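Chemist: Construct the complete structure from the given sequences, taking the supplied hints into account.
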Amino acid sequence: MITSRLAEQLALLPEYLGNHMILTLCALAIGISISIPVALLATRVGWLEWPVLAFAGVMQTVPALALLALMVPLLGRIGFAPALAGLVLYSMFPVLRNTVTGIKGVDPAYVEAARALGMTDGQLLWRVQLPLAAPVIVAGIRIASVWVVGIATLSTPVGSPSLGNYIFSGLQTQNFTAVLVGVVAAAALAMVLDLLIRLIEIAVSRRNLALGMTGALGLALLAIPALVPILATAEGRVGERSVVIGAKTFTEQYIIAELLRRRADDSGYRVSNLQSLGSTVVFDALKASRLDCYVDYSGTIWANYMKRRDQPGRQSVLKIMSAWLLKEHGIVCLGSLGFENAYALAMRKDRASSLGVRTISDLASRTPTLSIGGDYEFFARPEWEALREQYQLKFAARRSFDPTLMYPAVQRGVVDVISAFTTDGRIPAFGLVLLRDDRQILPPYDAVLLLSPAAARNTRLKRAFQPVIGRISDEEMRQANMLVDLKKSSISQAADWLSGQIEAGKKP
Amino acid sequence: MIRLEGVTKIFEGFRAVDRFSLVVDQGELMVLVGESGSGKTTTLKMINRLIDPSGGRIFVAGRDTGDQDPVLLRRSIGYVFQKIGLFPHMTVARNVSIVPALLGWKDKAAVNRRVDELLEVVGLEPERYRHRYPNELSGGQRQRVGVARALVAKPAVVLMDEPFGALDAITRSRLQKEYLRLHKSLGLTTLMVTHDIMEAFFLGDRVAVMKDGRLLQCDAPGKLLRRPADGYVESLLETPRTQLIRLEAIASEDDKS
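So the protein sequences, as listed, match chains G and P. FYI, the numbering for the first sequence is 1 to 508, going by my numbering. FYI, the numbering for the second sequence is 1 to 257, going by my numbering.
Hints may be right or wrong, so weigh each one.
Ranges between beta-carbon positions, derived for each pair [what the hints assert, rightly or not]: (1) D121(G) x R181(P): 33 to 43 Å; (2) K177(P) x T120(G): 50 to 60 Å; (3) G187(P) x T120(G): 45 to 55 Å; (4) R174(P) x F55(G): 48 to 58 Å.
Calculated from the structure, these hints are not laboratory results. Please read all numbers here as calculations on a predicted model, not as lab measurements. Yeah, the Cβ is synthetic: ideal placement off N, Cα and C, and Gly gets one too.
Modeler: Pasting the structure below:
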């Protein structure tokens with residue numbers, strides 16, 4: 001069981017590790033080749049030092065995830081480019097700072113001696129200052145390399161696959177084998193890189209050619225497998241017989257993406273999945289046809305992109321949304337998959353019945369003595385605003401959680417009420433009950449299959465996906481999610497089960 | 001060979017060197033002596049333009065240094081430093097061959113021969129010391145390498161900034177003698193800065209005494225002893241005199257017992 005789970009994860013390693021390595025090596029190479037010259041300039045031009053170090057320092061204080069995500073709108077692209085740009089910015093600070101410190105730390109007596117012997121500024125730099133500052137500069141490079149390896153895991157949500165795919169999807173689907181593989185691989189890569197840089201440093205300081213060659217060869221060996229997936233993808237992208245399927249960062253999205261992948265695969269497409277994408281990243285990517293398709297939810301598009309606050313009813317929302325998507329972005333909505341994954345409020349079953357709460361209206365009067373937990377997004381969303389206003393909710397406390405920890409939190413009574421997703425398998429599993437939105441304040445969240453403007457012209461692909469439309473019920477989706485989240489089944493097993501349900505549903 | 005004409009250096013309103021004039025003749029070993037802060041090191045550094053003078057003119061081998069490229073000027077002048085002169089990341093051989101490398105000597109074998117030759121001149125066996133790093137040498141050995149480096153490109157003029165100051169008394173006196181021999185045999189023109197009046201008397205053909213940026217007296221050691229120009233020069237000579245008298249007294253006490 002464990003070995004098969006491990007084998008399943010290890011099969012993904014070449015792609016994730018390769019992408020991770022190429023991203024890391026490129027970011028470091030660019031970062032270093034910008035930072036060192038800039039730092040050297042700063043040591044010569046006095047007034048430059050402060051702004052340069054301040055800029056790099058500020059970049060460092062921006063949370064890495066935010067820095068990478070900000071690159072998406074800035075560059076107007078997803079995938080490799082924004083991830084690389086973010087990592088380059090992140091890698092610069094330790095190299096800049098250590099280069100400045102290293103050069104300024106060279107004993108002025110050596111600088112004067114070099115001048116007295118008749119060295120020009122350039123000769124002084126290359127023959128005296130750089131060699132004497134090298135240990136400090138290399139220390140900066142080593143810090144940068146370890147940071148970049150770690151932070152490169154955050155390139156997954158901006159659409160560049162990395163070892164972060166293991167970590168994001170593993171945490172979401174409670175697959176700790178995957179998390180472990182990702183973490184161990186990242187740590188190993190960081191250690192190997194650090195070792196190679198150290199080796200080259202020793203080789204340079206001792207003028208040992210053999211040692212230097214070993215280090216350089218090691219780096220080259222790292223770079224070669226890193227290039228393989230890139231070449232493979234380049235080959236794979238040729239022609240229109242390839243399809244890229246996107247998925248956000250939760251279990252249901254992984255299962256549906258796997259289901260769609262099989263459909264496209266059966267129709268003879270070469271399919272690649274781009275998973276664990278940030279919510280806005282995935283939509284932007286679809287708009288730009290960098291993805292061919294993914295599943296979103298009508299309420300999300302209604303509230304986030306159309307900025308609508310009204311609630312005209314489930315069918316109207318679907319209709320208006322589809323028309324808007326086509327008109328504004330050329331995106332085709334192929335239809336609802338059948339189930340709805342809405343925001344809702346959930347409580348422990350026993351707690352709800354002892355308080356006599358069945359609907360959100362029932363809950364309202366009791367809120368001053370209760371606390372509520374939500375995922376990171378929830379309290380910033382218009383849905384929460386609407387609920388609070390319309391039902392007059394006045395919770396005593398509110399706390400944000402990682403979704404993985406939110407369910408145990410309500411189960412253990414850390415909070416009384418949580419925001420939940422209606423198809424989440426953890427609702428039955430943790431003995432929770434959904435509170436009915438009796439005044440219909442929350443918008444509907446039909447799962448809709450969206451095709452990019454480019455894919456919209458592809459009738460073969462549309463035909464391949466057609467059998468899934470309208471075929472998955474709330475209950476089936478919840479069951480499939482539960483298989484992964486609680487029964488520890490793999491995504492592929494859950495997809496097996498779900499496609500079995502779809503086939504069975506066709507017969508009668 | 002070296003001529004300073006009314007040289008002045010002002011650091012942020014402070015006159016470090018004040019209208020200083022001096023001529024060092026070809027083949028002469030001139031010692032510039034004074035307390036710390038007297039301006040002697042500043043004067044030395046103005047000659048190879050590590051510091052540019054605020055006023056006055058300096059000639060080396062008849063040419064105004066102000067008209068020359070400072071980098072080329074420095075390569076033509078030997079320079080020996082007080083303490084940290086050698087680069088810690090270079091071997092003895094690489095340290096010594098810096099100036100030939102800067103001058104673009106192409107023939108590697110010739111450079112190596114020249115380096116070995118100079119190591120022999122300063123009394124270091126080339127085979128033993130060529131590949132050592134400065135931190136593997138004693139203070140005296142390091143200063144020998146420093147002298148070899150200053151002389152390797154056959155300069156006519158050598159500037160020395162308290163070259164033996166950091167050494168123990170025995171090593172210092174040995175290196176002083178050896179340098180004197182080199183100075184004569186190679187026909188060098190040397191300007192050396194020191195605060196050690198005994199060293200000045202022992203080495204200098206002439207001794208120039210500096211105080212507060214000005215030249216007080218410049219004469220041969222004997223004349224300086226017999227006819228000090230003013231009270232300060234006389235007081236400077238007081239210390240070695242009393243030392244000598246005490247030494248003789250101690251010696252005669254021993255005779256009595």
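Chemist: Now tell me if each hint is right for this structure.
Modeler: Okay, the hints, checked on the actual structure:
D121(G) and R181(P) have their C-beta atoms about 37 Å apart, which keeps the hinted 33 to 43 Å range intact. Between K177(P) and T120(G) the Cβ separation comes to about 37 Å, which falls outside the hinted range of 50 to 60 Å. One distance hint, 45 to 55 Å for the beta-carbon pair G187(P) and T120(G), is violated here, with the actual separation near 30 Å. Restraint check, R174(P) to F55(G): a C-beta distance of roughly 56 Å satisfies the suggested window 48 to 58 Å.
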